[in-house]
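Participant: Take a look at the letters that make up each chain.
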Amino acid sequence: MDRRRDGAPAGARAGIAILTACAALALLAPLLVNDRPIVARDPTGRIIFPALRAGRGVASGSGDVALLWPPIRRSWRDVDLAATLQPPSARHPCGTDLLGRDLMARMLHGARISLAIGFGATLLALGLGIVLGGAAGLRGAGTDLLLSRVIEALSCFPPFILAMALQAVGGGGIGAMVLAIAIGRTAAAARFARSETIRWRGTGIWVAAHAAGASRPGAALRHLLPLVSGPLAVQAAFGVTHAILLESSLSFLGLGVPAPLPSWGAILAEGRGSLDVAWWPVVFPCLGLALTLAGLSWAGDRISPPIVARRLLR
Amino acid sequence: MTGYILRRALVSLPTLLGITLIAFAILNLLPSDPLLTWSDGAGPVSAEATSRLRDALRPDSGPVMRYATWLFNLLRFDFGHSLRDGRPVTAVLTEALPWTLILNLSALIAIYALGLPLGWIGARRRSGTAAAGRALLLFLSVVPPFAAALLMQRLFAVRLGLLPLQGTGAGGAPGPAAAADLLRHMVLPCTCLALAGWAYAARYARAAFRAILAPEAMAAARARGLHGFSLARHFAPNSALPFVWMVAGIVPALVSGSVVIEAIFSWPGLGQVLLRGVEGRDYPLVMALVLLAAITVLAGQLVADLILPAIDPRLRDLVARDENVHG
Chain V
1 MDRRRDGAPA GARAGIAILT ACAALALLAP LLVNDRPIVA RDPTGRIIFP
51 ALRAGRGVAS GSGDVALLWP PIRRSWRDVD LAATLQPPSA RHPCGTDLLG
101 RDLMARMLHG ARISLAIGFG ATLLALGLGI VLGGAAGLRG AGTDLLLSRV
151 IEALSCFPPF ILAMALQAVG GGGIGAMVLA IAIGRTAAAA RFARSETIRW
201 RGTGIWVAAH AAGASRPGAA LRHLLPLVSG PLAVQAAFGV THAILLESSL
251 SFLGLGVPAP LPSWGAILAE GRGSLDVAWW PVVFPCLGLA LTLAGLSWAG
301 DRISPPIVAR RLLR
Chain L
315 MTGYILRRAL VSLPTLLGIT LIAFAILNLL PSDPLLTWSD GAGPVSAEAT
365 SRLRDALRPD SGPVMRYATW LFNLLRFDFG HSLRDGRPVT AVLTEALPWT
415 LILNLSALIA IYALGLPLGW IGARRRSGTA AAGRALLLFL SVVPPFAAAL
465 LMQRLFAVRL GLLPLQGTGA GGAPGPAAAA DLLRHMVLPC TCLALAGWAY
515 AARYARAAFR AILAPEAMAA ARARGLHGFS LARHFAPNSA LPFVWMVAGI
565 VPALVSGSVV IEAIFSWPGL GQVLLRGVEG RDYPLVMALV LLAAITVLAG
615 QLVADLILPA IDPRLRDLVA RDENVHG
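Keeping their order, the protein sequence lines are chains V and L.
First residue of the first sequence: 1, per our numbering; consecutive thereafter.
First residue of the second sequence: 315, per our numbering; consecutive thereafter.
Derived by calculation from the structure, the hints in this document are not laboratory data.
None of the values given here were measured: they were computed from a predicted structure.
Glycine included, every Cβ here is placed at the ideal spot set by N, Cα and C.
Do not take every clue at face value.
Computed spacing ranges between beta-carbons, pair by pair [as the list claims (entries may be wrong)]: (1) 142(V) to 321(L): 18 to 24 Å; (2) 131(V) to 490(L): 56 to 62 Å; (3) 287(V) to 492(L): 36 to 42 Å; (4) 375(L) to 23(V): 47 to 53 Å; (5) 368(L) to 259(V): 28 to 34 Å; (6) 66(V) to 582(L): 33 to 39 Å.
For the chain V half of the interface with chain L, some residues (derived, Cβ under 8 Å), not all of them [stated by the list, open to error]: (7) 16; (8) 69; (9) 79; (10) 160; (11) 165; (12) 167; (13) 168; (14) 252; (15) 272.
All chains, full assembly: derive it from the sequences and hints.
Facilitator: And the structure:
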C-alpha cells in the first residue's frame, strides 16, 4: 500500500507531463509544421504572420518575403504522388501516406483535431449534465422524478451507438461530431451532478449561502461546484479519454471528421489499406492515441486526492 | 421476492418508454426535410423512390402522430421497412442477430474466464507476476481496441498465417468440420472484442476481491478453523458478487465494441448492419438498432438487479424491508 502511495505523485506527474506535451504540440502545430512562413514581410514592408492565418494563400506569388520558416516546411494536405508511402526519414520524420502527404504534419494537426473534439465534447457534456442533473437535484419532487427518468433512459444508450446514430442525422462536420459525442456522454455527467447536488443540499454551506441571499442555482454554481471540483476533474479525465476513443473509432469507421481533415482515427483508417507495405501510417497514430490515453488515465487516477486535500485544508 | 421482481420490472417501464422517446426524437426531429437530407440535398431520384420514402418517413404527419404510429407498430415487432432495399427491418435484424450474439457471448465468457482470475491474482499477490500483469492491463486499456484489432489481424492472419483473416468461414453443412471452421474464424474477433474488457474486469475484480478477502476477514475465518475447501466455500458468495456487478459495465462496452470489431473482421452481425444503416441514412433500421442497443443495456441492468438479492443477504434484507413498507 505504501509503495503505491509513494509512487502515485510520479505517475500523476508523468501523466500530466505527457498531456502537457501533447497539448503544446497540438496548439503549436501550425508553427511547427507548415508550408507558410511564420514571419514574413509583405510588399508594403509590413510584418505579417502567414502561418497563423487560416486559409490557403501561399506566400510566394504575392511578393511576400519570408523571414522565418517553421522547422518542417510541409502542409498536412499537400498531395505529392511522387513520394507516396516514403518511410520515415529526415525529410519526413514520420514518413508519408498513400497520397504522399507528410505524416508528421498530419499527426500534429490530427492531435489538434482529436484533442479539440475530446476536450470540447467533454466540456459540453459536463455543461449539459450539470444543468440537467443540477436541476433534478435542486428542484426535487416531480421535476427530479421526470428528469431522473430522462437521465436513466439516456444512460441506457451506449455512447458510441448514440454518436453513430447522431452522425447519420447530423451530416458530418466537427461541430456535429462534438455534439454527438457530448450527448452520448451527458448521462454520466448528469448522474454525477444530481447525486452531488443532493448530497450537499441542506449542509451548512448551503444554508449559509442562502442566508447570504444566494439563489438556489447561484449557490449551487458558486458554492457546490468548487466543492466537487476534485471528483469532477476525475470525471472529466475519464470523459476526455472516452471522447477521444469515440472520436477515433468514429473516424476509423469513416463516420468522423470529413475526408481531407486529419484526425488520429482517420489517419489510421487511411493507413489500414497499405499496412502490407508500410507500417508507419498505422503505428504513429496508434502511438499518439496510446500515449494520450495513458497520460489521461495516469493523471485522472491520481488527480483527485491533491485537489480535494488542498480544498479541505484551506 | 415476487413483489420485488414485479416492482423492479415495473420501474423499468417508464425508462423503456423514455428510451423509445429518445430513439424516436434523435432520428425524427430533424431540423430539415428528411427527404432532402436522405438524398444529400439533391432530392429523391425517382418518383417511385419519393413515394417509398414518403411512405416510410411520413414527413407530413405531425411528430406526435408519427411517434404513436411507430410505438404501436413496435408493440407488434414491426420496425418498418429498410429504406435501402425495402425489406422488413425485422428480417434484416433476425438475419444478423445470431452472428452478433455468438460473438458477444463468447467474448463475455472470455472476459469472465480470464479477467476474474487476473483480478484474483492481482488482489492476492504483490509479487513480480502481479506487477507484470498490471503493466499488461494498463497497456491493454490504453491501446484503442480497433488499433489492437488491426495489429493482431496483421500479425496472426497475414504474417503468421495461423488464423483466417476475416469473415465467418465457408459455412456449408452443419457438422464438426463447419463448427471447427467457425471457431477458427471466431478466435481473432472474439479476442479483440474481449481485450478492453479484460482490463476493465481485472481492475474491477482486483478492487472487489481486495475488499472481500481483506486480511482481517481471512484471519477471522482461519481462526474459526476453516481451511481449503470450506474456506473457499465461505468466501464464494461474496466473491460471486463482482461477477454480477460487472455485467452492467461490460454489456454496453460490448455492444459498442462489436461495431468496430465486426467492421474490421467483416463479421456479418448487427454492427455491420448499423454501420451500413448510418452510412446509407437508413432511418428505420438505425432507429431499430439504437432502440435494441438501449433495451439490451436496460435488460442487463434489470438482470443484475434481480440476481444480486439472490446472492447477497444484505440486499435481501433491504428488499424485505422495502416490501414491508410498501405493503
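Participant: Find the hints from earlier in the document that the structure breaks and name them by number, from lowest to highest.
Facilitator: Per hint list: 6, 7, 8, 9 violated.
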